[in-house]
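Student: One letter stands for each residue in the lines below.
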Amino acid sequence: MRIEIFTDWVTQIILFIILASVIDLLIPANHLQKYVRLAISLILILILLQPVFYLFNTDINAAISSSMNRIERQFNNEPSIENQIDFEKNEIENGQDAYILKQMAIELEKIAEESLKEEFAVEIASIDFQFSVMDSLTYEDLTEVIVYITESEPGEGAMNTVEDVVIEWDHEEEEHAEESFQEIENSLRELWEIEDKEITVYWEGEGF
Amino acid sequence: MDILQITILGVLASLLYILLKEVHGSIAFLIILITGIVIFFSIIQQIQLIFETIRKLGDQANIEGLYLTTILKIIGISYIAEIGAHLTKDAGLNSVSKYIELAGKIFILLLAVPIITAVIEAIIGFIPNV
Chain A
1 MRIEIFTDWV TQIILFIILA SVIDLLIPAN HLQKYVRLAI SLILILILLQ
51 PVFYLFNTDI NAAISSSMNR IERQFNNEPS IENQIDFEKN EIENGQDAYI
101 LKQMAIELEK IAEESLKEEF AVEIASIDFQ FSVMDSLTYE DLTEVIVYIT
151 ESEPGEGAMN TVEDVVIEWD HEEEEHAEES FQEIENSLRE LWEIEDKEIT
201 VYWEGEGF
Chain B
209 MDILQITILG VLASLLYILL KEVHGSIAFL IILITGIVIF FSIIQQIQLI
259 FETIRKLGDQ ANIEGLYLTT ILKIIGISYI AEIGAHLTKD AGLNSVSKYI
309 ELAGKIFILL LAVPIITAVI EAIIGFIPNV
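Going down the list, the sequences are from chains A and B. Counting along the first sequence from 1, when you hit position 23 you're at 23 in the working numbering, and nothing is skipped either side. Here the working numbering = 1-based position in the second sequence + 208.
Keep in mind that a hint or two might mislead.
Now the stretches of chain B that chain A is said to cover, found in silico as 3 or more residues with beta-carbon under 8 Å [as the list claims (entries may be wrong)]:
1. 212 to 223
2. 227 to 236
3. 305 to 318
Distance ranges between label pairs, derived from CB positions [as the list claims (entries may be wrong)]:
4. B:Ser222 with A:Ile17: 35 to 41 Å
5. A:Ala62 with B:Leu301: 43 to 49 Å
6. A:Ile14 with B:Ile251: 28 to 34 Å
Note that these hints are calculated values from the structure, not bench results. Because the structure is a prediction, the values reported are computed rather than measured. All C-beta atoms in this analysis are idealised placements derived from N, C-alpha and C, irrespective of residue type, glycine included.
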């Protein structure tokens, strides 16, 4: 195993030196020769140092290809800084939009929480917003508010009664699911004062 | 193309050039240009053979493909820069030919830079942090 690595290394050196001499003959003899020789000797250094890399566990090929990629990237897309700035700007804007939507959902949840619990014994798990135009998060473009609901957990102090009600209602819900959804939608529309937008209610995990 | 053909072509081109130089400088230069291109393209196939041999040898020796591609790229750059520089020099534009050579140097160094950085980083990595 060890001796194999050693012989491999020695053959590499010998063959590379032979190759380098051939290449030295190939290149046109002018000022460029110096530079070509420099590059070839650097590669020779790398090959000579291979056992040392092996000892120190350095992945020299990864290092070279990473620095090569870096240079190529710099070289190929000159307006890369502009692209990067654009990309970062979009990222920040998306982050802000997501934050705004989240805050809005929290507010809406707060408004509807109480009455939903009292009337239907459900609570909002999450709220999704659908916009007619992507990337344009305005009230005008808002087309649909999708509300995911779950059964509300029994509140404090009213353990017994609420538990009973939930079981009763759960039974009923199977039959009148559609109606109760309609009712929830209507009451949400009233609470949130959204008249001209669609509100759709789903059970959490059901999807559409 | 044979070496004989290439030489004859070169000699003929130079004769034509001498004849035309006084009458039509621009056409004379065109002759140089065309001759250069024809010779270059006739050589390319042979160069390909040599490159393939180098590649095969390198693969046998387990030399990294990355090193070999770098070397071959460097050879190509030096050839192209050489041809361009000589052509412009023949046209009497010495400064432009110098610029082409400069560009060739820079591109070769650019190819060598990753290797230089890798070597330096590796050597720095060997030095223990005390």
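Student: Each hint: holds or not?
Tutor: Hints, one by one, checked against the model:
1. 212 to 223: Violated - the region 212 to 223 of chain B has 0 residues with a Cβ nearer than 8 Å to chain A, which falls short of three.
2. 227 to 236: violated (count 0)
3. 305 to 318: Satisfied; 6 residues make the cut.
4. B:Ser222 with A:Ile17: 35 to 41 Å: holds (39 Å)
5. A:Ala62 with B:Leu301: 43 to 49 Å: holds (44 Å)
6. A:Ile14 with B:Ile251: 28 to 34 Å: The hint (28 to 34 Å, Cβ to Cβ) holds, given that A:Ile14 and B:Ile251 are roughly 29 Å apart.
Going through the hint list in order, the structure does not satisfy hints 1 and 2.
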